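> One letter stands for each residue in the lines below.
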Amino acid sequence: MTENDVCLDIIHAQFNELVEHYQGLSLHEDQPGRWIVRGDLTFRAEYNGVEMAGTFSVLITLPDDYPASPPKICETGEQIPREADFHVYPTTGNFCLGAQIEVRRKFAQNPDLLHFVKDQVVHFLYALVYRSWFGKMPWGELSHSGKGILEYYNELFHVSGHKPTLHLLLALHDRVFHRTWMCPCGSGRKLRKCHGPQLKELVAHCTPEDVLSDMKTILDYVSPKNTNADARQP
Amino acid sequence: MSTQVLAASNQLLEVLGEQLDITDSQHEAAKSHYKAVGAWLNQEDSEIAKYNPIIFPQGSFRLGTVVRPIGDVDEYDVDLVCELQALNQRAVTPLQLKELVGKRLRENKKYDAMLEPLNRCWRLNYADGARFHMDILPAVPDLTVAPTPAPSKSFGPISIPDRSLNDWYYSNPTAFAEWFKERMKVQLFAAREKLAKSLREHVEDIPEYRVRTPLQRAVQLLKRHRDVVFQNLPDERPSSILITTLAARSYGNQVSIVEALQTIVRDMALHIETQGGVYWVPNPVNSKENFVDRWQSKPKLREAFLSWLDRARGEFSSAVLQESTGSMVKSFAASLGEGSVKVAAAKAFSADELQARPSSTPRIVITEPSKPHAA
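As they're listed, the protein sequences go chains A and B.
Numbering of the first sequence is given in the working numbering, commencing with residue 794 and proceeding in unit increments.
Numbering of the second sequence is given in the working numbering, commencing with residue 68 and proceeding in unit increments.
Hints are not guaranteed to be accurate.
As the list claims (entries may be wrong) - Derived lysine-lysine pairs resembling DSS-like cross-links, with alpha carbons at most 30 Å apart:
| no. | chain 1 | residue 1 | chain 2 | residue 2 |
| --- | --- | --- | --- | --- |
| 1 | A | Lys929 | A | Lys993 |
| 2 | B | Lys397 | A | Lys911 |
| 3 | A | Lys929 | B | Lys102 |
| 4 | B | Lys414 | B | Lys98 |
| 5 | B | Lys367 | A | Lys929 |
| 6 | A | Lys993 | A | Lys1018 |
| 7 | B | Lys98 | A | Lys929 |
To be verified - From the derived model, a few chain A residues whose C-beta atoms are all more than 10 Å from chain B:
| no. | residue |
| --- | --- |
| 8 | Arg827 |
| 9 | Lys956 |
| 10 | Pro1017 |
What the hints assert, rightly or not - One-sided and incomplete, this derived list gives chain B residues near chain A with beta-carbon spacing under 7 Å:
| no. | residue |
| --- | --- |
| 11 | Ala242 |
| 12 | Ala244 |
| 13 | Arg380 |
| 14 | Ser384 |
| 15 | Leu388 |
| 16 | Ser391 |
| 17 | Ser394 |
| 18 | Pro429 |
| 19 | Arg430 |
| 20 | Ile431 |
| 21 | Val432 |
| 22 | Ser437 |
| 23 | His440 |
The set of hints was computed from the structure by calculation and includes no laboratory data.
All values derive from a computational prediction rather than experimental measurement.
Glycine included, C-beta positions come from ideal geometry on N, C-alpha and C.
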């Protein structure tokens, strides 16, 4: 059995599990070695006592290194506008399910198709349907581009302003955390008693390149040249 | 939302709207009844004939947003204005005006038997199976407003007795009705055209009351939902004029009832303004009049309105999005009253369609959602 066969077995097994719950979907080999799941995804979900349901035609693409990386998903029924306002990448039509590192982190907890759909895609679709009735997102949303990335990390690290986040990201990029060092967030506490454990967990879900790219995006946003940086903080 | 689900919910809501509505024959009956009242007030021997009385409909009967009361014994409310055109508020007190109209009505044996005095108007309880009563609100032209060159001699701003009959209250039901019609004119014309085609008649020959636009249907459904929710809390009940105004402001010419309803519940609250720290929903034809002036002294009313709106959003969205027709009907029955919804469902669907199939879709309770991000 080659490595490829093992991977194929995983995909088939995962798809069978998925289709037990979401019957409108089917698995295809789109191009040699590239697997996709497509069809109608009907969901029902409840958040804070409000139930939402809906059916969307979707296309899930599995990346080459699946299941090391999470799938990507877009909609094919033209129900959702291809706009950043609807959390869809205008060029590819893929859903922006959350900050990239968050999507990977969640997927890594249960790296299979059913959990991807249940824990990320259905949440996303719920939020869009909710918005069409209530005029707002049920649990908030991140701002566009750099501002949103900064908001995500600030929430994740429980810090405010861009400096502590950038220092923490720099440490994450370098991947050396000595337990006795002072935490880069500036709290004055030792790393092991502050952000150390969190950084160690995050290492598994991002490459140094990913971190560098997020840092650049944040830097662009907070740079004095960027006049849109309305929430810039010292 | 899939197209089948959308179509099924629209079908149900359309029939339910008809169910809540006054029928064409009831409409005709009400019209001939109030014309007869008008004739009686104008008859030669009438003391008030010299004041040139006219009778015209106002409120939901005029707007086409009548809602059948919950329960089968209750009657429709038809609101009429009786305007004494040749009188004015300098020549008569509110109390005297009310008495003038009441006296003339009592002089008719038939009306005397069914007359009921209310706070500021007279109610005629028709017992001929018409299933409605008519509230006749006495009025005089409002002289505080410059007369507009209206096409008809009156139908302009009026003064009516306030609740305590101590003072005048200003109103303009005609201008409000015109404004409301303007908000839905695209779909109103489309609906009349469609009916004209099916009857092989001219559009001009189809009276407006024979059709209902998605806006009118949405207002009816919202009012019915309000009636259900506030059945035991009559003091906190949001007013019909408030719901109607906010709905008409939010309506964006949607063609289907579901989409109209969706847009309206989404945007209604956006049309609540503040003026100098006071919540304000202006009367569209008189910006000085605030439909939520009582929110100032009773903040509970605002909370009641907002929590009702949230409930309407939740219940309508979940009902419309049910997978099977059977569960959709169940869901609507819970929010809009079992009786009317079941009758509507029986008319709209076959027994087969109404079978509530057990759903195969897993129902998820969302915890720890991620915030979506836009690149």
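> Of the hints given before, which are not true for this structure?
Of the numbered hints, 1, 3, 6, 7, 11, 12, 16, 17 do not hold.
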